[in-house]
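Going down the list, the sequences are from chains W and X.
Note that our numbering gives residue 181 to position 172 of the first sequence, counting from 1, and the numbers run on in steps of one.
Note that our numbering gives residue 411 to position 391 of the second sequence, counting from 1, and the numbers run on in steps of one.
Don't read these hints as lab results, they were simulated from the structure.
Treat the hints with care, as some may be off.
[Claimed, not checked] Stretch-level coverage of chain W by chain X, calculated; a stretch enters the list once three of its residues show a Cβ under 8 Å from a Cβ in chain X:
#: 1; region: 109–122
#: 2; region: 214–221
[As the list claims (entries may be wrong)] Sample of chain W residues at the chain X side, in silico, Cβ under 8 Å:
#: 3; residue: A67
#: 4; residue: P89
#: 5; residue: H90
#: 6; residue: F104
#: 7; residue: H106
#: 8; residue: F167
#: 9; residue: F322
#: 10; residue: G326
#: 11; residue: I328
All C-beta atoms in this analysis are idealised placements derived from N, C-alpha and C, irrespective of residue type, glycine included.
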Amino acid sequence: MADASNTDAFVEFERVQKSYDGETLVVKDLNLTMPRGEFLTMLGPSGSGKTTCLMMLAGFETATHGDIRLGGTSINNIPPHKRGIGMVFQNYALFPHMTIAENLSFPLEVRKMGKSEREEKIKRALDMVEMGAFGGRRPAQLSGGQQQRIALARALVFEPELVLMDEPLGALDKQLREKMQFEITSLAHNLGITTVYVTHDQTEAMTMSDRVAVFDDGVIQQLAPPDQLYEEPENSFVAQFIGENNTLEGVVKEINGEVALVQLDDGEVIDCKPINVGVGDRTRVSIRPERVEFNKERLKEGTHTVKAEVLEFIYMGDIFRTRLRVAGNDEFIIKTRNAPDQVRLEPGAQIEVGWLPEDCRALDA
Amino acid sequence: MLAADGTPLKKSLARALRLQKMRALALIAPLLIFVLVSFIIPIVSMLFRSVENSIVADTLPLTVVELQAWDSDSGELTGEPVFAAFVADMVVAIEAKQHTRLGTRLNYEQTGMSSLFRKSGRKIKRMDPATDAPFKDKLIEVDKKWGDVETWRVIKTHSVRITNGYFLNAVDMQRTPEGAQAQPEDKQILIRLFGRTLIMSLIITGSCILLGYPVAWILANLPMRTANVLMILVLLPFWTSLLVRTSAWKVMLQQQGVINEVLVWLGMVADDARLVMINNQLGTIIAMTHILLPFMILPMYSVMQTIQPTYLRAAKSMGATNWTAFWRVYFPLSVPGIGAGSILVFILAIGYDITPEIVGGTKGVFISNRIAYHISSSLNWGLAAALGTILLAVVLILYWAYDKIVGIDNVKLG
Ligand SMILES: Nc1ncnc2c1ncn2[C@@H]1O[C@H](COP(=O)(O)OP(=O)(O)O)[C@@H](O)[C@H]1O
Ligand SMILES: [Mg+2]
């Protein structure tokens, strides 16, 4: 795990701010440290400032305030072409008037590399993305997925230490996207390059990254490895944004160390784990659907149960998704595995559901 | 393959589509007819006029037949039968007032013919072809040119109904009984004019590229709102009369004009050595570059707008300097715009006549000024048509060459 004092910090943002119009900050006080070889994803809704951060790192936008460092030296005043950062763009930006081989040759030519060395590197890069036979084609003669691979090969062919990718898979269909996700991560790890990856697709972020930075409103809401992000969201934006989530609203009555007493809006009092709330605050209690149990035999010691009414039962093949009314919330979802002994709940049934207090996180409202 | 009712599938498909086709045709019919009437027919008529030459054979039918037997190279004057036939033809022609037109036509080939026909017409009117024979001496008495072999040779040479004479004239040659021959030195101006027109059009196209490219680039890279405002400035010339714009250049460029006055006032040019910038080729080039510039900027702009800025960013991220990124990536992608603009400007320039007429003086006029002169002043429409046809052919050849070298798919107007 990287932290700010890490000596091999490779990419650093320190108190970076960015404003386009001089009135609003698109990026507010960004602090981020990446060690060498890390695959970090910037995840967030559209307009949250991810691309802006990437462009500042690449040198196409200047930071309004703060310092960006690469390998320990500030790059604020280094023009983009001297930063040596590979980039993959959302629309690939393959030069349409050049063949694939010429596209790959471009970064090598501007580095004044000899012909034989260029050809060798191009061949290696094309083989790496399994496109060896396509060197003579034009970008327009390739499918979207193939163009994507070429864009990747072109960003890697000059062996940059850092590669930036801005929603590179956004234009591909689901299956291809999943295949490419795997290929990109394994390439990045095999080559040992540091990668900053931007996406608004949380599954992509979760499956590919060493760490994910969740952006909202120009601020990193949480920076953590995927499992931690999912299981221990630090605020209700992250809890909502990552995965499916049930929320119950209420007020924190008491906090005793690791346990908070929350009075829900319908009067029920439950035990929760306090995260970023104090006594007297309004809170949103967050519970993951798969951590909710209704089968009395499986309820663990010490679980608190509340009454619930079954509203809808959805058969999804591998799992059952059941919508309940809990404490006045009609959108309370539980997920259960489709096992032979699993109960299928009937709409209208009155049941009791429960969860462990540590799975129930009291977050900001 | 048969359709359900047993007719061949092809036939029933054609029947099914016929109604649609008719409807489509009816929709475009007004435009089709308009284009035919206003565009295709004039061109066809021009092509025809450039070779059509029925007037001699129509006006002097008997004479032309008689002249066939005469050997124009013998040096001997034609015999009495030709003179008799000529008088008979002339009497009819004078009645129909056709003889002066014939004179005008033959005057293109030999000066003096027009007055000869007018003068002789008045005399021949009083002759009677049936009773007043023989005519040979009488005609020579009317005008001794009728006793000149050359007069008859001209009539005989140009008595064919389809002639290459106009085309020969258009390339500084003439039709003679001995075949095509070069015009006398002092009449050889048209080839030089063609050459000048082509070279100056190329120069104008070149200056439009040089001046228009940066403007189009700025327009394409500014925010939409600003670009639209500036676009009005580019289009502004379209809303001003061509004559006004051209005359404005006259005001600017003449020796007592704005530019010279300023230069003299600044002391950069001596008062007695004012620059000659008008009534010569320079004047034509300056004024036409200005007038044709929008036709270069607009296609360039619309092509540049489609070049995504990420291409440049990609190039720079791969280590290209601003210049390399521009030259290796942006410029090649903008070439279709340059191509389209160049074709437009060049073809427009080659056919321009008003501006060269006003600011070009004698050294800066184009072939089109010559065409205009022959259409409206000398009324030699055949020559004008031949010049126009050659111009059309040159444009088509250049277009073809352009397609071979650059590829016409590489031309984008938007
Ligand atoms: N070139 C620009 N000029 C002005 N505003 C911009 C520009 N680029 C982005 N923005 C604004 O900055 C905010 C963040 O944009 P962006 O970084 O592209 O977000 P994301 O990539 O997360 O979708 C948005 O509100 C966007 O409108
Ligand atoms: Mg973006």
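Tested hints:
1. Coverage of the region 109–122 of chain W by chain X holds [criterion: at least 3 residues with CB-CB distance below 8 Å; count 4].
2. Remark: the region 214–221 of chain W is not confirmed as covered by chain X, as 0 of its residues place a Cβ nearer than 8 Å to a Cβ of that chain, below the required three.
3. A distance limit of 8 Å between C-beta atoms decides the matter here; for A67(W) the minimum to chain X is near 6 Å, and the interface restraint holds.
4. Taking 8 Å as the C-beta cut-off, the interface hint given for P89(W) holds, the closest approach to chain X being about 4 Å.
5. Satisfaction of the interface hint for H90(W) is found here, the shortest Cβ-Cβ separation to chain X being roughly 5 Å, below the 8 Å cut-off.
6. Of the supplied interface hints, the one on F104(W) holds, with its beta-carbon coming within about 6 Å of a beta-carbon of chain X, less than 8 Å.
7. Restraint check, H106(W) versus chain X: the minimum CB separation of about 5 Å is within 8 Å; hint holds.
8. For F167(W), the suggested interface contact is upheld, since its CB lies about 7 Å from the closest CB of chain X, less than 8 Å.
9. With a cut of 8 Å, the hint placing F322(W) at the interface with chain X is violated, because the nearest CB-to-CB distance is about 48 Å.
10. Of the supplied interface hints, the one on G326(W) is violated, with its beta-carbon coming no nearer than about 41 Å to a beta-carbon of chain X, more than 8 Å.
11. Of the supplied interface hints, the one on I328(W) is violated, with its beta-carbon coming no nearer than about 41 Å to a beta-carbon of chain X, more than 8 Å.
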